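Trainee: Just so we're aligned: 651 in this note's numbering is position 651 of the sequence shown, and the numbers increase by one with no gaps anywhere.
If you're looking for bench data, these hints aren't it; they were derived computationally from the structure.
Remember, it's a predicted structure, so these values are computed and weren't measured experimentally.
There's no promise every hint is true.
With beta-carbon atoms standing in for the labels, derived distance ranges [what the hints assert, rightly or not]:
#1 Glu168 - Gly84: 17 to 23 Å
#2 Arg688 - His631: 22 to 28 Å
#3 Glu418 - His618: 51 to 57 Å
#4 Arg688 - Glu627: 18 to 24 Å
#5 Gly84 - Trp350: 44 to 50 Å
#6 Arg678 - Lys318: 28 to 34 Å
#7 Gly376 - Glu426: 26 to 32 Å
#8 Ala53 - Glu426: 50 to 56 Å
Glycine residues also receive a C-beta, built at the ideal position from the N, C-alpha and C atoms.
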Amino acid sequence: MPRWRVGVDTGGTFTDLVAVSGDEERSSKVASTPPDYEQGVLDAISAAGLAIADIETLSHGTTVATNAVIMQAGAPTALLTTEGFRDVLELRRHNRGDPFDIYWDSPKPLIPRRFRYEIPERVNYAGEVVRPLAEDEVRRVVRSAVGSGIRSFAVCYLNSYVNPVHEEQTVEIIRVESPTAVVSHSAELLREPPEFERTSTTVVNAYLAPVVSGYLKSLQSRLVAEGFVGQLYIMHSGGGLLTVESAVRFPARLLTSGPAGGAKAAEGVSESSVASLGASGVVAAEAISRVGGLDEVISLDIGGTSADIAVILGGEAKLVHEFSPQFGQPVRFPAVDLITIGAGGGSIAWVDAGHLPHVGPQSAGAVPGPAAYNRGGIEPTATDANLVLGRLAENVDLASGIRLDLSAATEAVGRFAEPLGLGIEEAALGIVDIANNNMAKSIRIVTVQRGLDPRGFTLVPFGGAGPLFAAELSEILGISRIVVPVSPGVTSALGCLYTDITHDSSESHIVPLDDADHGVLQGIFDRLDVEMRQRLSDEGVDKQRQRLSFSIDLRYLGQVRALTITLDSARVSERFREEFRAYFLEEYERQFHSVSTEIPIEVAALRVRGIRVSEQPHIPFVGGTSEFPIHERTVVTRRGPVSARVIERFRIPIGTSLEGPLVLTQVDSTIWIPVDWRLEVERHGSLRITHEV
Numbered sequence: 001m002p003r004w005r006v007g008v009d010t011g012g013t014f015t016d017l018v019a020v021s022g023d024e025e026r027s028s029k030v031a032s033t034p035p036d037y038e039q040g041v042l043d044a045i046s047a048a049g050l051a052i053a054d055i056e057t058l059s060h061g062t063t064v065a066t067n068a069v070i071m072q073a074g075a076p077t078a079l080l081t082t083e084g085f086r087d088v089l090e091l092r093r094h095n096r097g098d099p100f101d102i103y104w105d106s107p108k109p110l111i112p113r114r115f116r117y118e119i120p121e122r123v124n125y126a127g128e129v130v131r132p133l134a135e136d137e138v139r140r141v142v143r144s145a146v147g148s149g150i151r152s153f154a155v156c157y158l159n160s161y162v163n164p165v166h167e168e169q170t171v172e173i174i175r176v177e178s179p180t181a182v183v184s185h186s187a188e189l190l191r192e193p194p195e196f197e198r199t200s201t202t203v204v205n206a207y208l209a210p211v212v213s214g215y216l217k218s219l220q221s222r223l224v225a226e227g228f229v230g231q232l233y234i235m236h237s238g239g240g241l242l243t244v245e246s247a248v249r250f251p252a253r254l255l256t257s258g259p260a261g262g263a264k265a266a267e268g269v270s271e272s273s274v275a276s277l278g279a280s281g282v283v284a285a286e287a288i289s290r291v292g293g294l295d296e297v298i299s300l301d302i303g304g305t306s307a308d309i310a311v312i313l314g315g316e317a318k319l320v321h322e323f324s325p326q327f328g329q330p331v332r333f334p335a336v337d338l339i340t341i342g343a344g345g346g347s348i349a350w351v352d353a354g355h356l357p358h359v360g361p362q363s364a365g366a367v368p369g370p371a372a373y374n375r376g377g378i379e380p381t382a383t384d385a386n387l388v389l390g391r392l393a394e395n396v397d398l399a400s401g402i403r404l405d406l407s408a409a410t411e412a413v414g415r416f417a418e419p420l421g422l423g424i425e426e427a428a429l430g431i432v433d434i435a436n437n438n439m440a441k442s443i444r445i446v447t448v449q450r451g452l453d454p455r456g457f458t459l460v461p462f463g464g465a466g467p468l469f470a471a472e473l474s475e476i477l478g479i480s481r482i483v484v485p486v487s488p489g490v491t492s493a494l495g496c497l498y499t500d501i502t503h504d505s506s507e508s509h510i511v512p513l514d515d516a517d518h519g520v521l522q523g524i525f526d527r528l529d530v531e532m533r534q535r536l537s538d539e540g541v542d543k544q545r546q547r548l549s550f551s552i553d554l555r556y557l558g559q560v561r562a563l564t565i566t567l568d569s570a571r572v573s574e575r576f577r578e579e580f581r582a583y584f585l586e587e588y589e590r591q592f593h594s595v596s597t598e599i600p601i602e603v604a605a606l607r608v609r610g611i612r613v614s615e616q617p618h619i620p621f622v623g624g625t626s627e628f629p630i631h632e633r634t635v636v637t638r639r640g641p642v643s644a645r646v647i648e649r650f651r652i653p654i655g656t657s658l659e660g661p662l663v664l665t666q667v668d669s670t671i672w673i674p675v676d677w678r679l680e681v682e683r684h685g686s687l688r689i690t691h692e693v
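Please take these sequences and the hints and turn them into a complete structure.
Mentor: What follows is the structure, encoded as structure tokens:
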């Protein structure tokens, strides 16, 4: 009988796996295999010593959707829209990615203008048909598009979120004219304004659908060929899982932001604020914060290509309802609120034309990798710098069979140091400092700029490189407490096991709060309740395991953006106006530190999230004995060289307390603990590291 629950996280450099069965746990970390990422999944399963036939569930986070958008490698797609709205994708919001660069050009729309078709039809703001759909024109357009090689259609008509009749008629015509075509229409995806965001979301979904479908079908068929009889689930940006069928239907939910770091080469900060892979790590950090009783946590996932940063308050990360994989391509689906920057172990150090040093966002990735990997890479990276500084060791077996080469790393860092007139060790320290300051800047964005003091937070670093940077990064921010998970290098894969099937749905309802009708609001919530329970039931979720949460979007009259207020239940009380007003004012003051009771408040939308409640995995930890081997090596720091004790992490018993400088080694990560930091091994196996000064 299948018995293993498996989480697999495919990143730009490594593919991580964690598997649990009762009290037994296995993990692996192998090189990713672009562009055939499914091979990396199979390699990770094999490296963990698992028989595919023994897997009950496989929860998978993938970058395939992001890569398709960033590289503009999606399917040929056509847009059918209301007459006069052909150029909404070009007009956007009239903002710029870089307001100070006169040569800056926005990314091209995913659909060229020649494949954006205007259809005579019109529904007004109240949902009344004022111009019938020109069905003959739809047929002509579809035939023309199919003849030009179009494989996917996006349909988005004005005000269709109020009355979808014309979109539904158009979908039926497309399916008759081209039965093999993929169709996405806005009324199914997003029942909310505004027009540009709704159009963009529909276009992104249609653009990705054939690509995501092809990848998932290929992965599923290869698994089945090896004897897989379990369930395959896909991680989405909202911190939950989708079945393969739902992932194919809503591929825009799989979007990540990892590769988007290239949008700002100078700073390494991506335009996107979310990632589905990042979401899996944040979910794991949420679980770690709850187990450890930590109320305020900064989640820091540093892999080979990028770093994902999120804030967790009270055991939960914040959700946003819009994100952009690239500038000018908003997607209005709920997603974990995080920032991704181009700062990872493989981030390349380089010198610009003005002789200023930078680190990232370009990455050596899995192929060819850092120079120290001896796999063809020659560019200096953060990994090479840490090897030169003694924080990593050469000729030690790491994940995926990697053995680091000090001479290759030294040569690469030397090429970076030469134009700057620096010594090799000084240049290596500079690479680490730049990477740390890039990350510190991003952490301040999600804390200081939102009224939060990072000094009161606990940093939870993971990913292969997270614990290597954590202590010195914390010193920059004034953070005095760090908690490192048991297997930091595969924590994002573990996060896939802490998530479950999750769906989100919403309905626009724009009305001044004082004019809102109790019966109308209750009717919308009731309708959302029924629809969500039906969606979960269609995916085989028993009613006893269905959990629904409800929220409402409120804003000041005249604002475009709204605050999402979580409600205790779907029952709208008779005093809802007073309650909703109080909730809104409290949340507005918390976020913006000012509030007005004079401006009217407006209802914007009602939302529901449906979750399948499942048993959380138990990850066993067995510490070492009181006698554990220690050797020493020199580590270079800003204070000068220090003699650090080097210990294998899993040989240290629970309850042990040690003082830095320390280097703790394990196959999936390395932990650097400088002078003035103290380590304690907690009962769950996590490392609590505190600053002594």
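Trainee: Does the structure break any of the earlier hints, and which numbers would those be?
Mentor: When the structure is compared with the hints, none of them turns out to be violated.
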